[in-house]
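Asks: Using the sequences and the hints, build the whole thing.
Protein chains: 2
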Amino acid sequence: MPTGRLMIIGGAEDKLRKRRVLREFVAASGGPEARIAVIPTASSLGEEIVEVYDALFRRLGAAEVVSVRPESREDAHDEDLIAQLGKATGVFMTGGNQLKLSAVIGGTPFAEALHEAHERGVVIAGTSAGASIQSSHMVAFGGPGSTPKQRMTQVAAGLGLLRSSVIDQHFDQRNRYGRLLMIVSQSPSLLGIGVDEDTAAIVEEIDGHEVLRVVGKGAVAIFDPARIVTNAYEAKRSSPLLASGVTLHVLPHGQRFDLTTRTLVQQAPEPDPEELAEIAEAGRDLRQLARDIAADSASPAVLRRRLARARQKTVTPPQDGAPR
Amino acid sequence: MPTGRLMIIGGAEDKLRKRRVLREFVAASGGPEARIAVIPTASSLGEEIVEVYDALFRRLGAAEVVSVRPESREDAHDEDLIAQLGKATGVFMTGGNQLKLSAVIGGTPFAEALHEAHERGVVIAGTSAGASIQSSHMVAFGGPGSTPKQRMTQVAAGLGLLRSSVIDQHFDQRNRYGRLLMIVSQSPSLLGIGVDEDTAAIVEEIDGHEVLRVVGKGAVAIFDPARIVTNAYEAKRSSPLLASGVTLHVLPHGQRFDLTTRTLVQQAPEPDPEELAEIAEAGRDLRQLARDIAADSASPAVLRRRLARARQKTVTPPQDGAPR
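Protein chains in written order, with this note's numbering: chain A, 16 to 339; chain B, 16 to 339.
These are computed hints drawn from the structure, not numbers from a lab.
Treat the hints with care, since some could be wrong.
If chains are identical, the list can't say which one is meant, so a pair holds when it fits in one copy or spans any two.
[As the list claims (entries may be wrong)] Taking lysine-lysine pairs in the DSSO-like style, the calculated list, with each CA pair at most 30 Å apart, reads:
1. 115 - 102
2. 115 - 30
3. 251 - 30
4. 232 - 251
Replies: Set out below in structure tokens:
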């Protein structure tokens, strides 16, 4: 049986409108059969954070939602709490302080139970702090800025559900290119993954490959430092780092990336049915025009009008549509 | 004769302390023989902006500083004004609104005279707006954000002193990864160059290659989209763009990048003389230790102390120094 999906959400996922990311989570957890465990440990909020997700997941059709909240390392050894994870078909870790989450559950039977759940096919999702904790190496905290600088961020151990990686969140909104580049410069064995708000990187095993698919409003940025040239081992104080030859992939909604081969999964663009119909009609007009010309059966004025009409159909962009 | 240097400055260059960037400009312009033409057209400030640079460049040793300020396209045809450029050994374009600068001088004899000056070896420098205008394609304006999105920025024609390129400035400080990525996604024939504040990308012709060298506090980021896979021709409205396979180079002070081959010029790290002396001393200690061990001439306690001392010398980082 393949491992369960990971859903790495960049924070601030839409809770009131389309709820594209959360809807996908509930569906992946089994929809009307979903039994969801919410882990709010990272959050400094009380029960209200659980109440929000409880209402949301039930509204989206989940059968059952329970709060599983270790608040100390002792709690993270509690068998009753751990047993809750055994019954879940989906796990959701909230935002907050990822260092609290890792400090409370890292290296405990609770973390072990999360790995076991993942192994037996349970969906593990997390937003913001709950996203960061999923990688092997976790951004603990750090400053903003586009340019990587020595010491601008700190790394701690994550859960390692996603191996050889470091995940950052609120990526577009909080200007975090620099800190993720600093980490992959110091640790070129890691793949850097930056996830925008209201966006999820969904990782699943397909034919022995780990494939990442993007869902949501923003994008997922991937830094592949395999061929980096860097001075990260000798840069002093907080000086900017040399990071030459990093391959960058920015992936919006619907794109897939093979994490095993570190390449884009190229797909035919999803056709817009309306656009397809327009193109087909314009094609028919052009064929008619070609026949008319061949048969010499239309006056130049008629041909010109017909040609202009066909052109307009294929060339004019719809209002505010794509440039052509 | 090779063309003159281009100095592409990311804005907010230090004017009061080390003045590393401006000092380099005055030196390159001829130092005590420098005749500098300041072009403040982009600025909405009056003579005070010229007074600042006049004081600065004279303080740094320039012989002569003149203000050359076309304020209309008519001015940009004025022969007396253009003649000022003919006498300059260095040209400096201030910050402000690059679209004003391009609208006033683009396609005029004044712009032609700037090209001629560059051709005959004159240094052409510019900060912020004065940096943007130097590339063939110029960021006119646009919004911040790390993720490239359709329509987030607009491109106009720059002077084209640097060919096949688009330059952005205040790069680290104003979160401009997204807009530069948008431009190179739509135009993969261009190289994207982002320059941080108080930092200059200095481009000069060396053995038929255009080589970029970085001077200053921040870094220069280069996006090479030669192998990009993108959906920029079909992305709708303001949706995030697919930009997969962009090669990224972040270059701090002292680094060189060959723009002709699009590769880092690898250099041996500049050795710190103090550090070299320490390493040499520790090496001598270790050789002595090896001789003592071979001769069996020292007691274990002496050997341990000596080994500890040698280790400390090579291993302990200086206060706040580089990790080892």
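Asks: Please flag the earlier hints that this structure goes against, numbers listed from lowest up.
Replies: none
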